[in-house]
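Trainee: Sequence:
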Amino acid sequence: MTTTTNVRVRFAPSPTGFFHVGGARTALYNWLVARQNNGSFLLRIEDTDRDRSEDQWTEGIVNALSWLGITWDEGPFHQSERHALYNDAITRLIANGHVYACNCTREEIDARIKARQTPGYDGFCRDRNLEPGPGKALRFRVPDSGTTTVHDLVRGDVEFANSTIEDFVIVKSNGDPLYVLAVVVDDIDMAITHVIRAEEHLPTTPKAILIWHALGDIPLPAFAHLPVLVNEKRQKLSKRRDRVAVEDYRDLGYLPEAIINYLCLLGWAPNDGRELLTVEEMILEFRLEEVNKSPAFFDEKRLDHFNGLYIRALAADEFVRRAMPFISNDQVPWTKNQFDQEQFFALAPLIQERITTLGEIPNYIKFLFSDPYVIEEAVFEKAILKDETGVEILRAARSAFADAAFDHEPLKDILISIGEQFDKKLSKTQAPIRVATMGSPVGLPLFESLVVLGRSKVLARIDDAILIAERSR
RNA sequence: GGCCCCAUCGUCUAGAGGCCUAGGACACCACCCUCUCAAGGUGGAGGCACGGGUUCGAAUCCCGUUGGGGCUACCA
Numbered sequence: 001m002t003t004t005t006n007v008r009v010r011f012a013p014s015p016t017g018f019f020h021v022g023g024a025r026t027a028l029y030n031w032l033v034a035r036q037n038n039g040s041f042l043l044r045i046e047d048t049d050r051d052r053s054e055d056q057w058t059e060g061i062v063n064a065l066s067w068l069g070i071t072w073d074e075g076p077f078h079q080s081e082r083h084a085l086y087n088d089a090i091t092r093l094i095a096n097g098h099v100y101a102c103n104c105t106r107e108e109i110d111a112r113i114k115a116r117q118t119p120g121y122d123g124f125c126r127d128r129n130l131e132p133g134p135g136k137a138l139r140f141r142v143p144d145s146g147t148t149t150v151h152d153l154v155r156g157d158v159e160f161a162n163s164t165i166e167d168f169v170i171v172k173s174n175g176d177p178l179y180v181l182a183v184v185v186d187d188i189d190m191a192i193t194h195v196i197r198a199e200e201h202l203p204t205t206p207k208a209i210l211i212w213h214a215l216g217d218i219p220l221p222a223f224a225h226l227p228v229l230v231n232e233k234r235q236k237l238s239k240r241r242d243r244v245a246v247e248d249y250r251d252l253g254y255l256p257e258a259i260i261n262y263l264c265l266l267g268w269a270p271n272d273g274r275e276l277l278t279v280e281e282m283i284l285e286f287r288l289e290e291v292n293k294s295p296a297f298f299d300e301k302r303l304d305h306f307n308g309l310y311i312r313a314l315a316a317d318e319f320v321r322r323a324m325p326f327i328s329n330d331q332v333p334w335t336k337n338q339f340d341q342e343q344f345f346a347l348a349p350l351i352q353e354r355i356t357t358l359g360e361i362p363n364y365i366k367f368l369f370s371d372p373y374v375i376e377e378a379v380f381e382k383a384i385l386k387d388e389t390g391v392e393i394l395r396a397a398r399s400a401f402a403d404a405a406f407d408h409e410p411l412k413d414i415l416i417s418i419g420e421q422f423d424k425k426l427s428k429t430q431a432p433i434r435v436a437t438m439g440s441p442v443g444l445p446l447f448e449s450l451v452v453l454g455r456s457k458v459l460a461r462i463d464d465a466i467l468i469a470e471r472s473r
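The numbering of the first sequence is my numbering, which starts it at 1 and goes up by one.
What the hints contain is simulated information worked out from the structure, not anything from laboratory work. Hints may be right or wrong, so weigh each one.
[To be verified] No farther apart than 25 Å at their CA atoms in a straight line, the calculated lysine-lysine pairs in the PhoX-like style are these:
| id | residue 1 | residue 2 |
| --- | --- | --- |
| 1 | 424 | 386 |
| 2 | 136 | 114 |
| 3 | 236 | 301 |
| 4 | 293 | 233 |
| 5 | 457 | 412 |
| 6 | 412 | 425 |
| 7 | 382 | 425 |
| 8 | 114 | 172 |
| 9 | 239 | 301 |
| 10 | 382 | 412 |
[What the hints assert, rightly or not] Restraint-style ranges between C-beta atoms, simulated for each label pair:
| id | residue 1 | residue 2 | range |
| --- | --- | --- | --- |
| 11 | 405 | 269 | 51 to 57 Å |
| 12 | 69 | 400 | 49 to 55 Å |
| 13 | 294 | 339 | 45 to 51 Å |
| 14 | 378 | 51 | 51 to 57 Å |
| 15 | 105 | 216 | 30 to 36 Å |
Beta carbons are placed, not taken as given, at the ideal position from N, Cα and C, and that holds for glycine.
Build the full structure now, drawing on both the sequences and the hints.
Mentor: In structure tokens form, the structure reads like this:
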């Protein structure tokens, strides 16, 4: 694709709901093509349907793309602001006879379809020479014979018999242009060279081509129809049915670079098996012609894997920088005053190597800041009350911790020797201490955590645990 | 129903007629490492939808079947 013409692509979402990962993948592929050709990436908001478009969704699209690092060179354009352009095209299409006015109602059309047993509009108004105007839609006069071929970069040539294409509406009876017209007019106006979009648009492409030709002798762009992303039931991802909004993943603590990497691999892969790709490598190596033809399942498990890898690859200071929004929001189980940044920093490296999303961080450090401090009854029961030695271990540790050097090696040695008294392995001995001080049988390494928690809190919590244990006896 | 697209482990994929006894990754299982949990390491199980061709030779090419999907609006 190292052409002499300037490559211009566009991402053209409709602002009718959450911006989902399928749209992000389409945007990414467009963006990669633009970047690898030193071309331009345009953002165009397809809001010709005023009833369904809302500003909040446009905002969501813009925010999500920015967050992902998919930058646009021109736009965002809004089709709702470009009516003059469409009207001009409509005037020309009326003048050259490619469209005609139609006042059939849906009911009438359906009744005739039922009677004829053939689908599609029957061309009732084709030769009635109705005067175009309010209350009448405009339909495109599709040739009765011949074929329209879509030359598709990922699918090859796809042929449509014109006889199977109905005379479709391009302008509503209220004068608003329809998507299929607006897209063509805009793509021509914006000199788009590559139309890269999801496969669901393939059936309307011959219509677009017909309009294209009707508008004059204008070279067609290259088309590329990407396989759709599907859910576990292998249905096209839908913003209504599937919770896959890009912003949700951001809020859950996924890294944009991990999402980009994963999305890039959904439908394309380098042939040497590499999976961790930098954006630079994607730009260099991605090929539209190599994109797969079949639908791909958006597998959150696999995304998790990539996210974990990317989190672990972060430099320590970068990790805490990215973590901050997730530990200083108002959903966290501690107050601003209770939070101690230094304590978090001290444990951060240990957290970094065991999480898959940044949203998991609070759970790992709530034992430090959360107050009052609560231990689940069942957990307490299992780790401390289960047998006699539970409390004994707590007592022994309590007295040894009181005047030990409070560092992880000495603390560990103490627990090992306590374990020897009771003939228990360290893995068993640590459990009651862990639950008493950290509130959970699983979590960060114990001794490092105790050091950061501090001697006084550790002793106090062990005292509390002993007290509760004695009371419940 | 009509038009169109698609078909390699459960999932994402490598594979452009001999390099395929089909490779990698996620998930799964086992073991190792280990203060818990992870992470990491090693190993394992698991696939060319089916049937016909073409060819000396087919996961790869052709046809059909089956299965899945998309579209079928005065939505995009």
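Trainee: Quick one: are residue 105 and residue 216 within 30 to 36 Å, going by C-beta?
Mentor: holds (33 Å)
Trainee: Regarding the pair residue 293 and residue 233, is the alpha-carbon distance no greater than 25 Å?
Mentor: OK: residue 293 and residue 233 at ~18 Å, within 25 Å.
Trainee: Hint check: residue 457 vs residue 412, CA-CA at most 25 Å. Holds or violated?
Mentor: holds (18 Å)
Trainee: Please work out if residue 412 and residue 425 have their alpha carbons no farther apart than 25 Å.
Mentor: Judged against 25 Å, a Cα distance of about 12 Å means the pair holds.
Trainee: Can the restraint linking residue 136 and residue 114 be considered satisfied, given a maximum Cα separation of 25 Å?
Mentor: With Cα atoms ~23 Å apart, residue 136 and residue 114 stay inside 25 Å; holds.
Trainee: Under the criterion that the straight-line Cα-Cα distance not exceed 25 Å, is the pair residue 236, residue 301 satisfied?
Mentor: holds (19 Å)
Trainee: For residue 382 and residue 412, compute the direct alpha-carbon distance and say whether it is at most 25 Å.
Mentor: Satisfied, since the Cα-Cα distance of roughly 22 Å is no more than 25 Å.
Trainee: Taking the CB of residue 378 and the CB of residue 51, does the distance hold inside 51 to 57 Å?
Mentor: Given range 51 to 57 Å: holds, Cβ gap about 53 Å.
Trainee: For the pair supplied as a hint, residue 382 and residue 425, is the alpha-carbon distance within the 25 Å limit?
Mentor: holds (17 Å)
Trainee: Hey, residue 239 versus residue 301, does the alpha-carbon distance stay inside 25 Å?
Mentor: holds (20 Å)
Trainee: Honestly, do residue 294 and residue 339 meet the 45 to 51 Å range at C-beta?
Mentor: Cβ of residue 294 to Cβ of residue 339: about 49 Å, so the range 45 to 51 Å holds.
Trainee: Sort out whether residue 172 lies within 25 Å of residue 114, counting only the CA atoms.
Mentor: holds (23 Å)
In summary, this structure violates none of the numbered hints.
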